[in-house]
Amino acid sequence: MSFVKKIIKPVEVLVVASKTGRVTIKYPFEEPWISPEFRGKIEIDPTKCIGCGACVNACPPNALEMIESEDKKTLRYFVGRCIFCWRCIDVCPVGAIKGTRNFELATNDPLDLYDYIVHNRVKCRECGKVTGETTRMLKYVLEKAFVTENYNNKCPDCRKKIFINAISMRRTGPVGEKT
Amino acid sequence: MEKKLERIKRSIWVFHLNTGSCNACDIEILDALTPYHDAERFGVKLVGSPRHADVLLLTGPITLESLPKVINAIEATPRPRFIIALGSCGSGGGIWHDTYSTIGGVNSLVKILKERGVEVDGVYYVPGCPIRPEALLYAVALIRGLVEKKAKSMVATVE
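The listed protein sequences derive, respectively, from chains A and B.
Numbered per this note's numbering, the first sequence spans residues 1 to 179.
Numbered per this note's numbering, the second sequence spans residues 180 to 338.
These are computed hints drawn from the structure, not numbers from a lab.
These numbers come from a predicted model, not from an experiment.
Any given hint could be a false lead.
Below 27 Å or equal to it, Euclidean Cα-Cα: the simulated BS3-like pairs (lysine-lysine) are [to be verified]:
1) LYS72/A to LYS41/A
2) LYS290/B to LYS26/A
3) LYS329/B to LYS41/A
4) LYS188/B to LYS329/B
5) LYS144/A to LYS129/A
6) LYS129/A to LYS98/A
7) LYS26/A to LYS188/B
8) LYS329/B to LYS183/B
9) LYS72/A to LYS331/B
10) LYS48/A to LYS329/B
11) LYS26/A to LYS224/B
12) LYS331/B to LYS182/B
13) LYS26/A to LYS328/B
14) LYS98/A to LYS328/B
15) LYS331/B to LYS290/B
16) LYS48/A to LYS72/A
17) LYS41/A to LYS331/B
18) LYS72/A to LYS26/A
19) LYS329/B to LYS98/A
20) LYS224/B to LYS329/B
21) LYS41/A to LYS328/B
22) LYS48/A to LYS331/B
23) LYS48/A to LYS139/A
24) LYS331/B to LYS183/B
25) LYS98/A to LYS123/A
26) LYS331/B to LYS98/A
27) LYS26/A to LYS331/B
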């Protein structure tokens, strides 16, 4: 009896298998199925980015970092640390960051994991000192908010000086002529 | 490195090395081995000991508690030995990159290994949180040379 079962069982399996068909996907050789909600690598558009650093503040694992040097401000995106939460997309004021469904990020070279956007920093019109903002951001702020011509494009120290001078002119005459 | 890569190109036997991960990547590894994704198409086999393995699937940000055991496991793997760092935690430290109890990803591990004289022939990085099983299959296909590398660094300068 058991001998007959031993012969019949593989045949039964064959019948079941032929009904089900092949389930294995051919992944590297065909397009994978990805749901529309899937969150993959972000792409930063260098033509739109103003270098404000809103994404840097929002990023939970510090995958987006702002590296400041003497006259350059570099936005660095490290995919190896990104958790694909897409919070940077929500906070970007100019919509420069776009989410993709790209997950094929495997590499053997760690340098492939980094994206850089290099911004120039603004120089003060008065004293030539480098201020914190990038050139793009200054343009953006001037479009959005009203800043007097006297004050724009100047470093905080120079602005303070101008302000104190203006007040003192009204009250006692120019600074330094007192006494 | 390519010569060493040739030697493991036939079938990759992997050892699953959990270094304090949240188990999401571990579940995706099991997912990649199911008949649906079927990593065994590429000769991938999960083995029970690092002594039998060609490649270590490293998940997690490498906690200080697990560090000596990880080093032991890597020392036990025969040359040429490769590491596939899985997930954000494995490849860059992830959300734990600067916490007190982790060393933050495979890069610092390789530095520590160099100090101890343990050589690793290559590290593959697979970002994702957690990784898709397809991402792991892609990494395996990359080692076998079946697909081309798509990841590329972008450097843009704003005027």
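The hints, checked one at a time:
{"no.": "1", "hint": "LYS72/A to LYS41/A", "in the structure": "holds (25 Å)"}
{"no.": "2", "hint": "LYS290/B to LYS26/A", "in the structure": "violated (38 Å)"}
{"no.": "3", "hint": "LYS329/B to LYS41/A", "in the structure": "holds (12 Å)"}
{"no.": "4", "hint": "LYS188/B to LYS329/B", "in the structure": "holds (20 Å)"}
{"no.": "5", "hint": "LYS144/A to LYS129/A", "in the structure": "holds (24 Å)"}
{"no.": "6", "hint": "LYS129/A to LYS98/A", "in the structure": "violated (34 Å)"}
{"no.": "7", "hint": "LYS26/A to LYS188/B", "in the structure": "holds (19 Å)"}
{"no.": "8", "hint": "LYS329/B to LYS183/B", "in the structure": "holds (22 Å)"}
{"no.": "9", "hint": "LYS72/A to LYS331/B", "in the structure": "holds (23 Å)"}
{"no.": "10", "hint": "LYS48/A to LYS329/B", "in the structure": "holds (24 Å)"}
{"no.": "11", "hint": "LYS26/A to LYS224/B", "in the structure": "holds (18 Å)"}
{"no.": "12", "hint": "LYS331/B to LYS182/B", "in the structure": "holds (24 Å)"}
{"no.": "13", "hint": "LYS26/A to LYS328/B", "in the structure": "holds (18 Å)"}
{"no.": "14", "hint": "LYS98/A to LYS328/B", "in the structure": "holds (22 Å)"}
{"no.": "15", "hint": "LYS331/B to LYS290/B", "in the structure": "holds (24 Å)"}
{"no.": "16", "hint": "LYS48/A to LYS72/A", "in the structure": "holds (17 Å)"}
{"no.": "17", "hint": "LYS41/A to LYS331/B", "in the structure": "holds (12 Å)"}
{"no.": "18", "hint": "LYS72/A to LYS26/A", "in the structure": "violated (47 Å)"}
{"no.": "19", "hint": "LYS329/B to LYS98/A", "in the structure": "holds (18 Å)"}
{"no.": "20", "hint": "LYS224/B to LYS329/B", "in the structure": "holds (25 Å)"}
{"no.": "21", "hint": "LYS41/A to LYS328/B", "in the structure": "holds (15 Å)"}
{"no.": "22", "hint": "LYS48/A to LYS331/B", "in the structure": "holds (20 Å)"}
{"no.": "23", "hint": "LYS48/A to LYS139/A", "in the structure": "holds (12 Å)"}
{"no.": "24", "hint": "LYS331/B to LYS183/B", "in the structure": "holds (24 Å)"}
{"no.": "25", "hint": "LYS98/A to LYS123/A", "in the structure": "violated (30 Å)"}
{"no.": "26", "hint": "LYS331/B to LYS98/A", "in the structure": "holds (17 Å)"}
{"no.": "27", "hint": "LYS26/A to LYS331/B", "in the structure": "holds (25 Å)"}
Checked against the numbered hints given earlier, this structure breaks hints 2, 6, 18, 25; the rest are met.
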